[in-house]
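J.: Spelled out, the chains give:
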Amino acid sequence: MTTTSTPQSSGGDVRLHRISKTYGSFTAVHPLDLTIPAGSFFALLGASGCGKTTTLRMIAGLEEPTTGTVELAGRDVTALPPYKRQVNTVFQNYALFPHLDIYENVAFGLRRRGIKSVKKQVEEMLDLVQLGPMARRKPQQLSGGQQQRVAVARALINHPEVLLLDEPLGALDLKLRRQMQLELKRIQTEVGITFVHVTHDQEEAMTMADTVAVMNGGRVEQLGAPAELYENPATTFVANFLGTSNLIEAEVTEAGGTELVLTAGGATLRLPTRRCSTPARKGEKVLAGFRPEKVVLAHADDAAAIPEGHNRMAGRVKIASFIGVSTQYVVDVPGVGELSVYEQNIGRDGRLVPGADIVLHWEPEHTFGLDADQSLLAGTVGDAGADLDEEAA
Amino acid sequence: MSTTEAPAPPEAPTEDAALPIRKTPTRKRLVPYWLLLPGILWLVVFFAAPLVYQASTSLQTGSLEEGFKLTWHFATYWDALAEYWPQFVRSVGYAAIATVLCLLLGYPLAYLIAFKAGRWRNLVMILVIAPFFTSFLIRTLAWKTILADGGPVVGALNALHILDVTSALGITEGHRVLATPLAVVCGLTYNFLPFMVLPLYTSLERIDPRLHEAAGDLYARPATTFRRVTFPLSMPGVVAGTLLTFIPAAGDYINAELLGSTDQKMIGNVIQSQFLRVLDYPTAAALSFILMAAILAMVTIYIRKSGTEDLV
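For the protein sequence lines, the chains are A and B, in the order given. Okay, so the first sequence: first residue is 1 according to this note's numbering, each after it adds one. Okay, so the second sequence: first residue is 394 according to this note's numbering, each after it adds one.
These aren't lab readings, by the way, just hints derived from the structure by calculation. Quantities reported herein were computed from a predicted structural model and do not represent experimental measurements. We put the CB at the ideal spot given by N, CA and C, even for glycine. Hints may contain errors.
Stated by the list, open to error - According to the in silico footprint, chain A covers these stretches of chain B (three or more CB under 8 Å from chain A): (1) 602-612; (2) 617-625.
Claimed, not checked - Below are the DSSO-like pairs computed for lysine-lysine, each with C-alpha atoms no more than 30 Å apart in a straight line: (3) B:Lys-698 <-> A:Lys-138; (4) B:Lys-698 <-> A:Lys-116; (5) A:Lys-294 <-> A:Lys-282; (6) A:Lys-294 <-> A:Lys-318; (7) B:Lys-698 <-> A:Lys-119; (8) A:Lys-84 <-> B:Lys-509; (9) A:Lys-120 <-> A:Lys-84.
Isolated chain B, as found in the complex:
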């Protein structure tokens, strides 16, 4: 590519000479498209093509032995939805709870880094990003050990009778944490927390600290300043963070697989087992499409409602 671009410089002087014919050189007009090309190629090969292939798979019938044929069998969608709607609801529920928890944990953290950390700011940022240095799978497995039945966490929760309360609420069972909704939601929250903190930090850090002073000067107490000035101005970060948390969390299956039991199966687990164990490719493909459509619909409504386009 660089060799074909090399002759470009000799053309520049002709443009500087301001010839009467105002013609942008073709080469120059094409530059944006050349820059787009690698990305577009990537998307076509690894996103658009698989999507089409998956769409066609979802409308096929047959079996692995006899082979699958495209029969435009739309009923697969209704059957899949009818059978697996509880997992859909559970996925959305777990993801929503994890997102809210991420926001509650991540906002104070991001606020602290942006406004109070001072010279510790970079260190804290590294600590936030540090988990990415190890694999997602390993980190989730580590939680399995942390929440193990005989482990110190469960021991402490038992001693404090917290598990009695959570079991009464139905989020744990008996005297254990593993294989309960609590474990899965904890895992999701932990794994996606950095995706909440980073955009929140970015939008908080952009807020001019003098706006806080101005609010205080105009009779707003610190809590009011937060509610009326800081939080509204951090909305772009809140929206970005919740999307970056909710979308992957809703499709996740690792946490439910490693930290949950059959009663905590999420839609990701169903898709995974349909593809890899049951080998019912059409159902798995249909479920994937339903999940995508559902997330797309929810995200669209959410962005409309939060009105981020109105914010700076």
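Extracted from the complex, chain A is given alone in its bound form:
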């Protein structure tokens, strides 16, 4: 185990080497290499069936990998059963023992390791998750949020090298989920243990994790810090799954310099070459992407006031929905299709109603380029966009 700079860190690196899992002819996880640094909050993000839970279960030892090895704190644990691994899991529906009270649920792991005096530790742990007075209740007498905290306490009390969280907040309502996200983040910072968190909620992953691995079809599509993934998606799946993206098919008309010049639907767009994740040559197609909140809507009459050098496209407002903090527009751009635009509600322009002719414009810096050889719609089927809307509301 390499000593880390985190002062109170007790976690260890998790290294997955060429790990894969197949069930019959179905491949749940393709050979995967992944290193999760000690003390980090790591999220595996993806739609259901993408292999994220299988990956987590292989780290826990609940699933045996078809190929590859799992290394915890420098030790190969692939062949070890779960009860011999310094790893604890917070299960999706908590899996609390219904015949034991909260105190005994939390003490379970300590007692199994032959620790006699558990009282002090259990009480401290219950205080950490603010459940001290509930110690003698049975799990079914607690609310969902409280059960979730018991599940965390039951796992954390063992000071595992790694804490695995399998959709831990999935059963909670939106408000409680937000609260528990902050709570888990606080606990992680406090105890300094490596957290590996599986979720399908892109926002949850971005709020809590230091590093997010976006999984799709049993493979990691992209890995990085939340802001990095959001600003520089490498695939259409990531672009669509993390937030919402406008993706336009465009032809490269000029290449070679620091900026690519593209044409799409009659408009000329500029894209910084370093923000294009695929090598682009003149005459080839690329996908130009930009985030709805980076775009400014101007009424057609004000087109002259648009700053020089901005990418611009003319269109017509199709739908305008007032969300509170912002207004979300669907704009129809001839030859391109429908684009989303989110405008902060600062001095709303009363003329921007459905049917109005507008020009949308944005800084070239906010454009990213993707390989045109992939589906524009990858990652949109899930509820990734819906979650962002909830947050805006």
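For this one, chain A is given, so just place chain B on it according to the hints.
T.: Only chain B this time, still in chain A's reference frame:
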């Protein structure tokens, strides 16, 4: 009955209209009692009435020729108990051993069906229930053939000198199995095994398999997981199964009759012969009451001790 219930629908709208007088229609309030009626009638005619009749019989004196008269002769109870206590003790003993054997055989079987059988689950369940397709009597008679003196089972046990060991322990005699305690207990175990397996299976099947994973994740070895999680959670099934096995086994007389000898007579055999051969109805009735009271007392203590009301 359906014809008298037919006018009910027209009343429903008046209730929907939420009249100021909140009066539940009488007919509606009586529905639960109507539903209870057939069951209660059945119990009164076939349980309560015979019980009263039997209680009065147990306190009568006389003979079949002279007729029985109610003389409140409580001494019958003490006499019956004094004379037949060995059969009582034997009944409880055999039933207890058979129940323990059923639990030891049935638990692994139920566990297997609940957690490991996969797509074979239904087939195994049918195999467990299959014996019910033939009569209890026939199945017990079949055991008489299986355990017959010259049969392959006894032959094999003799060849392996197992019967020497069991005879030394006093559960068989010489080189035979029939007409020994072993045969009777085997018969009881066999006949009541499904009554143990079914409730055990039901309660094991309800256990969330993720609890096993959680226990493993929390450093419990498979054996510890069983002791600390699986078994405690299956307690309702264990209690139900042992009761369903012990109660009928304690009152059984077919197994002792067909597989045992006079030395293996259980209390059921005594009651049967008092009623049908000796024709001493008061003693037979008194013995039945003592058996019922004894089982009731034991079951009450058992349920209290096992604390099932504390389980989910």
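J.: Decide, hint by hint, whether the structure agrees.
T.: We went through each hint and held it up to the structure:
1. 602-612: holds (count 9)
2. 617-625: holds (count 4)
3. B:Lys-698 <-> A:Lys-138: Between B:Lys-698 and A:Lys-138 the Cα gap is close to 21 Å, so the pair holds against 30 Å.
4. B:Lys-698 <-> A:Lys-116: 27 Å, holds
5. A:Lys-294 <-> A:Lys-282: Holds - the C-alpha atoms of A:Lys-282 and A:Lys-294 are around 27 Å apart, at most 30 Å.
6. A:Lys-294 <-> A:Lys-318: Between A:Lys-294 and A:Lys-318 the Cα gap is close to 19 Å, so the pair holds against 30 Å.
7. B:Lys-698 <-> A:Lys-119: Holds, at about 28 Å.
8. A:Lys-84 <-> B:Lys-509: 23 Å, holds
9. A:Lys-120 <-> A:Lys-84: Distance of about 24 Å is within 30 Å: holds.
In summary, the structure agrees with every hint in the numbered list given earlier.
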